[in-house]
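Visitor: Put chain G on the given structure of chain X with help from the hints.
First to last, the protein sequences are chains X and G.
Note that the working numbering has the first sequence beginning at 1, numbered continuously upward.
Note that the working numbering has the second sequence beginning at 1, numbered continuously upward.
Honestly, the hints are just simulated from the structure, not real lab data.
One or more hints might be untrue.
Said to hold, decoys possible - Just a sample of chain G residues kept apart from chain X, beta carbon distances all over 10 Å, derived:
{"id": "1", "residue": "68"}
{"id": "2", "residue": "143"}
{"id": "3", "residue": "148"}
{"id": "4", "residue": "250"}
{"id": "5", "residue": "282"}
Claimed, not checked - Per the computed footprint, the stretches of chain X lying under chain G, defined by three or more beta-carbons under 8 Å from a beta-carbon of chain G, are:
{"id": "6", "segment": "223 to 232"}
{"id": "7", "segment": "253 to 267"}
{"id": "8", "segment": "271 to 285"}
Beta carbons: idealized from backbone N, C-alpha and C, even for Gly.
Now for the letters of each chain:
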Amino acid sequence: MSATDSPVSLPPPDTAERSPWGEVLHSLSRSGTFLTGLGIVVFWIVCALFGQHFVPYDPLASDIINALTPPAADHWFGTDQLGRDVFSRVIIGSRDILTVAPLATILATIAGTALGLVIGYFRGIVDDIVSRVLEAFMAIPVVIIALLAIVALGTSKITVIVVIGLSFAPIIARTVRSAVLAERELDYVAAAKLRHEGALHTMFVEILPNVIPPILVETTVRLGYAIFAVATLSFMGFGIQPPSPDWGLSISSNYGMIGGGFWWTVLFDALAIASLVIGVNLVADGVHGAFND
Amino acid sequence: MVFLGGQVLPGNVGRAILGPFADQRAVDALNHSLGVDRPLLVQYGSWIWNFLHGDMGTSYVFRAPVAPFVVDALGNSMKLALVAFVLVVPIGILGGVIAALNVNRPLDRIISLGGLSVTVLPEFVTGIILILIFGVWLRWLPIAAAWPKGAGILTQIYYLILPSLPLFLVLFGYIARMARSGMIEALDSDYTRTAVLKGLRWRTVIWRHVLRNALLPTITVIATQTGYLIGGLVVIETLFRYQGIGSLIFTAARGKDFPMLEAGILTIGIVYAVATLIADFLYSVLNPRIRLGAEQ
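Chain X on its own, in the form it takes in the complex (with noise of 0.2 Å):
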């Protein structure tokens, strides 16, 4: 302690009446990691939203005269093997990751958080049976079961969405479960009970409400992984197809020439990539943060 922790310096309690909601949106907006991993979110969000606006090329309009050039004046990232503009492609290329990596995200949260409120709360053997056939699953890298999943199944957007979806949605409902489990406990269910409410209600009126944090945060974390997911099936070509611009895909096609220094048509693809990802996660972090302080 030292002499300028006196309590007069103290600043004044500024937590005084809040409701629990705002003390979490107080603390995030507080939150260095939280607002950085923000920024890097929305700036793709609005890459991905407007950038035909503003890109100086059509991202899929190929001019072969032009094809590999280096970074210069009129293409700031250079162009690829059949020269079309780098940097609009980067631009344009949040376009569809930003689309099936959240979607994929939202069916997981949605199948996941009704089956941990399922098996949470009738407990015995429906839990037992359903935890391990989960546990069965999750043992198996995400990766191998899209790998599979999509052979079987052909490749689309469609499929790589409920792919990834119903592959995280074990992980999330394994979370959900083990809050369920503290919860049913409580006293309100106890009233609810005797108040003879039938078990849906118990389950997504009663105590769906008082589980959201931990879901929240699993839904933040769970989008990072859903995009690392998406980038890397792309990139092996199980994942969004071509023409797209996606970034993932981009380095597939391009890094064969690697060798020959073409460095521009795959570093500003793994930048955004990295950048994105590491964006999410920053924002999963001061998530996990402000529920947990």
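Guide: Showing chain G alone in chain X's frame:
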């Protein structure tokens, strides 16, 4: 489960191999010779039976037994994984220990935050950036993991350093974080205080008392990362054109070579189970509180 995914969902195997323009009679003949027109249960039974006898089936694409391909590929992958592990385990633990001894100082921040950020990046992204830095700009390391035929062990390791680096980075974050929190907990404990008050030298306390207790959870993490490592291998081996089990699965998936795909994935499952078993065993050897089969 693997069998169902591979065999039932894709529909007509003969059609998939011969393409949409092949004659229907040719498709039927191929289906018959591959045995995929038999009832499903019969196929499944004979598949399991043969696998247990070391016969993994015949590749649709190469028209040759699958087993030699899988064994070769597994060997190659093990080499790559081994290089990554030999690099990451000591360095990761060292990083975590250094961070723990400097809690909340800049060095700790750098190690913890740096480790965390490289952990969340997809392997192919870190892979591409590393290829650019070490392979294209500095020209220190070869960019493809294809060594000349008959190369010695040192040359092979030299070719494997760059491919193992992305795996290294992902694992480094996990291992360092576990080692760090284990160390912090051990440093806070009563037995550490006792050891210090006993007048032991600080170095002795760290080596004899803190490290041993701090490393236990780390070993568990290392073992659970085997599952991740296998997923990572699929990506890394594709990126570096390395003939391992990951690229075998990838190629088989693209070519709809289902016996190859199933054998590859089942092999991975076995490797995973064995790794988990070894981890349990190691844990019990190192932790005097858990001794297998000696409860009484």
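Visitor: Hint by hint, say whether it matches the structure.
Guide: The hints, checked one at a time:
no.: 1; hint: 68; in the structure: holds (22 Å)
no.: 2; hint: 143; in the structure: violated (6 Å)
no.: 3; hint: 148; in the structure: holds (16 Å)
no.: 4; hint: 250; in the structure: violated (7 Å)
no.: 5; hint: 282; in the structure: holds (19 Å)
no.: 6; hint: 223 to 232; in the structure: holds (count 4)
no.: 7; hint: 253 to 267; in the structure: holds (count 7)
no.: 8; hint: 271 to 285; in the structure: holds (count 6)
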